[in-house]
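**Student:** Take a look at the letters that make up each chain.
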Amino acid sequence: NAGVTQTPKFQVLKTGQSMTLQCAQDMNHNSMYWYRQDPGMGLRLIYYSASEGTTDKGEVPNGYNVSRLNKREFSLRLESAAPSQTSVYFCASSEPTGMNTEAFFGQGTRLTVV
Amino acid sequence: AQSVAQPEDQVNVAEGNPLTVKCTYSVSGNPYLFWYVQYPNRGLQFLLKYITGDNLVKGSYGFEAEFNKSQTSFHLKKPSALVSDSALYFCAVRDIPGGYQKVTFGTGTKLQVIP
Numbered sequence: 003n004a005g006v007t008q009t010p011k012f013q014v015l016k017t018g019q020s021m022t023l024q025c026a027q028d029m030n031h032n033s034m035y036w037y038r039q040d041p042g043m044g045l046r047l048i049y050y051s052a053s054e055g056t057t058d059k060g061e062v063p064n065g066y067n068v069s070r071l072n073k074r075e076f077s078l079r080l081e082s083a084a085p086s087q088t089s090v091y092f093c094a095s096s097e098p099t100g101m102n103t104e105a106f107f108g109q110g111t112r113l114t115v116v
Numbered sequence: 016a017q018s019v020a021q022p023e024d025q026v027n028v029a030e031g032n033p034l035t036v037k038c039t040y041s042v043s044g045n046p047y048l049f050w051y052v053q054y055p056n057r058g059l060q061f062l063l064k065y066i067t068g069d070n071l072v073k074g075s076y077g078f079e080a081e082f083n084k085s086q087t088s089f090h091l092k093k094p095s096a097l098v099s100d101s102a103l104y105f106c107a108v109r110d111i112p113g114g115y116q117k118v119t120f121g122t123g124t125k126l127q128v129i130p
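From first to last, the protein sequence lines stand for chains E and R. According to our numbering, the residues represented by the first sequence are 3 to 116, in order. According to our numbering, the residues represented by the second sequence are 16 to 130, in order.
Treat the hints with caution; some may be incorrect.
Claimed, not checked - Under 7 angstroms between C-beta atoms, here's a sample of chain E residues computed to sit facing chain R:
1. L45
2. F92
3. G110
Hints listed in this document are in silico derivations from the structure and should not be mistaken for laboratory results. From the three backbone atoms N, C-alpha and C, an ideal C-beta is built for every residue, glycine too.
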């Protein structure tokens, strides 16, 4: 049982380049999330998907787009990368919103934009 | 707006000694509280949660946390620290009602257990 799988694990981009971070979960969870982790700032929510077919902005959505491809997969796209998007990105999933459950996290993608 | 504070960036403790990682929170209603651990180059792993009921919550790897409503705290504790407990610990809170997207994370506390 793999849990939450993210690809790639590391990526270096030049300013202005685009890329998509992939995330898949095999726990049949309805809700999925993308966070970024920066030193001294904890985790901040970028976008989330409460269920298949829906997506909503989180705390820091600017510069990102998401796609909930199906129940298992939730991708994050950077259309034109900026140095400020250098960060570690985590995908997570949980039972449906409104339930008092914890989230399960992927191993993260370390992104550097030069 | 809800918030969570972890006042210590780093906690050092000798192996075998008890450890405490502090967390205080602010919510408008009753809180759901969580502790996560992050080992180097890994994602966050769930340790324990408080929803309701007994103020002392037991979790994974021998950790426990005490919910104190009057002090709005949810400190993480372990009676005897192991070197393998060295990691980054995050406290998180969300208000009721609201889904997991409403969770607010603290900035993290690095725990260093010294052999």
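**Student:** Now tell me, hint by hint, if it's right for this structure.
**Tutor:** Against the structure, the hints come out as follows:
1. For L45 of chain E, the interface hint holds, since its Cβ comes within 7 angstroms of a Cβ in chain R; the closest pair sits about 4 angstroms apart.
2. Given hint, F92 of chain E at the interface with chain R, holds; its Cβ is 6 angstroms from that chain's nearest Cβ, closer than 7 angstroms.
3. The restraint placing G110 of chain E at the interface with chain R holds, with a minimum CB-CB distance near 5 angstroms, inside the 7 angstroms limit.
When each numbered hint is compared with the structure, no violation occurs for any of them.
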